[in-house]
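Colleague: Now for the letters of each chain:
Protein chains: 2
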Amino acid sequence: MNETEKIKHFRQFTDFNDSELEIIMPYFEFKKFKKKSILLDIGKVSNEVFYIIKGCIRLYCEKDGEELSTYFFTENMFAGSYDSFLSRKTSKVAIETLEECEVLVLTHEAQEKLYDIFPKMNEFIRKAIEQRFVLLHDLFISYLLNSPEERYLTLLNDRPDLLQRIPQHQIASFIGVTPVSLSRIRNRIIKK
Amino acid sequence: MNETEKIKHFRQFTDFNDSELEIIMPYFEFKKFKKKSILLDIGKVSNEVFYIIKGCIRLYCEKDGEELSTYFFTENMFAGSYDSFLSRKTSKVAIETLEECEVLVLTHEAQEKLYDIFPKMNEFIRKAIEQRFVLLHDLFISYLLNSPEERYLTLLNDRPDLLQRIPQHQIASFIGVTPVSLSRIRNRIIKK
Chain E
376 MNETEKIKHF
386 RQFTDFNDSE
396 LEIIMPYFEF
406 KKFKKKSILL
416 DIGKVSNEVF
426 YIIKGCIRLY
436 CEKDGEELST
446 YFFTENMFAG
456 SYDSFLSRKT
466 SKVAIETLEE
476 CEVLVLTHEA
486 QEKLYDIFPK
496 MNEFIRKAIE
506 QRFVLLHDLF
516 ISYLLNSPEE
526 RYLTLLNDRP
536 DLLQRIPQHQ
546 IASFIGVTPV
556 SLSRIRNRII
566 KK
Chain V
376 MNETEKIKHF
386 RQFTDFNDSE
396 LEIIMPYFEF
406 KKFKKKSILL
416 DIGKVSNEVF
426 YIIKGCIRLY
436 CEKDGEELST
446 YFFTENMFAG
456 SYDSFLSRKT
466 SKVAIETLEE
476 CEVLVLTHEA
486 QEKLYDIFPK
496 MNEFIRKAIE
506 QRFVLLHDLF
516 ISYLLNSPEE
526 RYLTLLNDRP
536 DLLQRIPQHQ
546 IASFIGVTPV
556 SLSRIRNRII
566 KK
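Residue numbers (the numbering used here), protein chains in the order written: chain E, 376 to 567; chain V, 376 to 567.
These are computed hints drawn from the structure, not numbers from a lab. If you're wondering where the values come from, they're calculated on a predicted model, not measured in any experiment. Any given hint could be a false lead.
Pairs involving identical chains hold if they fit within one copy or between any two copies, as the list cannot separate such chains.
[Unchecked claim] In silico SDA-like pairs for lysine to any residue, Cα to Cα no more than 20 angstroms straight-line:
#	residue 1	residue 2
1	Lys419	Val509
2	Lys495	Asn392
3	Lys495	Glu395
4	Lys429	Lys495
5	Lys429	Glu477
6	Lys464	Asn532
7	Lys488	Leu443
Model the full assembly from the supplied sequences, consistent with the hints where possible.
Modeller: Rendered as structure tokens:
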């Protein structure tokens, strides 16, 4: 993928003008990953974030040998274990592609260089992390206040595309129930 | 509080030099609040964040008429309902002082002006929101993976000062148990 094509995709994410995008684009590397590629293991330090051009990526942690999906990212989102990427601590979550993916990869090293040579990168990353913070906060509050059925309805309302793209058992772990309970929830909703 | 005194406090938070701090300081207003002041109600849009010079501030949400504490902020931290402050949506959490507080207030309007006149503010806020993101992510993962007893031990290890400053029933709601269960947890830990 050439720089012009990369820029075309990034225009959907930021209001940077073309000459600004031309400065930052060489620091983003285009990569393709097959479905079910592990981009980061639990316990490793995250060195990369992934701007998704095409595909779906999930984060998950593990409890008692079971995978708990904690987030799903799709086109025009930055996917990553930001906690580890920012703090340089080991990651509590793994990153996995759920579909064949085309991404633009920003390494931690490239990001730090960009802050030096192009200070406006701070605005770009500030907005990216603010967006991510709001999503994480919504998720955290929904775990505290909402029932699994309410969380499923929120997902159905806010991200109906995800329900088509993601295996049912991963949706179940995301809303905090077993696959059998998720079937019951779906049946109750259909009957309403 | 004059500008020089404000700058002295902010030096602990940022690596901005004094001339940079002199630019931004007039946008932060010094305020004092009595103990148990409500700085934001649930359902309102947050227009202010609070850099704490002295005191302790908590966030809480409400479920079935009960208050659930979601975070505690102390000296040299920015306290606020960032979710609402950033997204301009109504806040799901309230903000309350737990002690008499001295704070530097940044309004949303002042922040937007600062981005215009002093682009380096993006770096300042990026670092603040990154710090907050890491804390929120730790908290979210601990709700998914850890028992209330493990969450209490983490608090005891990471923020022992909080256990002295905050009423027991608020600590209990923060780790997700009743005050009676918290007493049992504390007794078990003392016996170990």
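Colleague: Against this structure, judge whether each hint is valid.
Modeller: Comparing the hints with the structure gives:
Within a single copy, Lys419 and Val509 get their C-alpha atoms only as close as 25 angstroms, which misses the 20 angstroms cut-off; across copies the closest is 16 angstroms, which meets it. Both within a single protomer and between protomers do Lys495 and Asn392 lie at most 20 angstroms apart by alpha-carbon distance, with minima of 12 angstroms and 19 angstroms respectively. For a Cα distance limit of 20 angstroms, the shortest separation of Lys495 from Glu395 qualifies both inside one copy, at 9 angstroms, and across copies, at 17 angstroms. For the identical chains of this complex, Lys429 and Lys495 are neighbours neither inside a copy (26 angstroms) nor across copies (33 angstroms), given an alpha-carbon limit of 20 angstroms.
Proximity of Lys429 and Glu477 under a CA criterion of 20 angstroms is satisfied intra-copy only: 5 angstroms inside one chain copy versus 49 angstroms between copies. Proximity of Lys464 to Asn532 under the C-alpha cut-off of 20 angstroms is restricted to the inter-copy arrangement: shortest distance 17 angstroms between copies versus 35 angstroms within a copy. In this assembly of identical chains, the alpha carbons of Lys488 and Leu443 never lie at most 20 angstroms apart, being 34 angstroms within a copy and 42 angstroms across copies at closest.
Going down the numbered hints, you'll see the structure goes against 4, 7, while the others check out.
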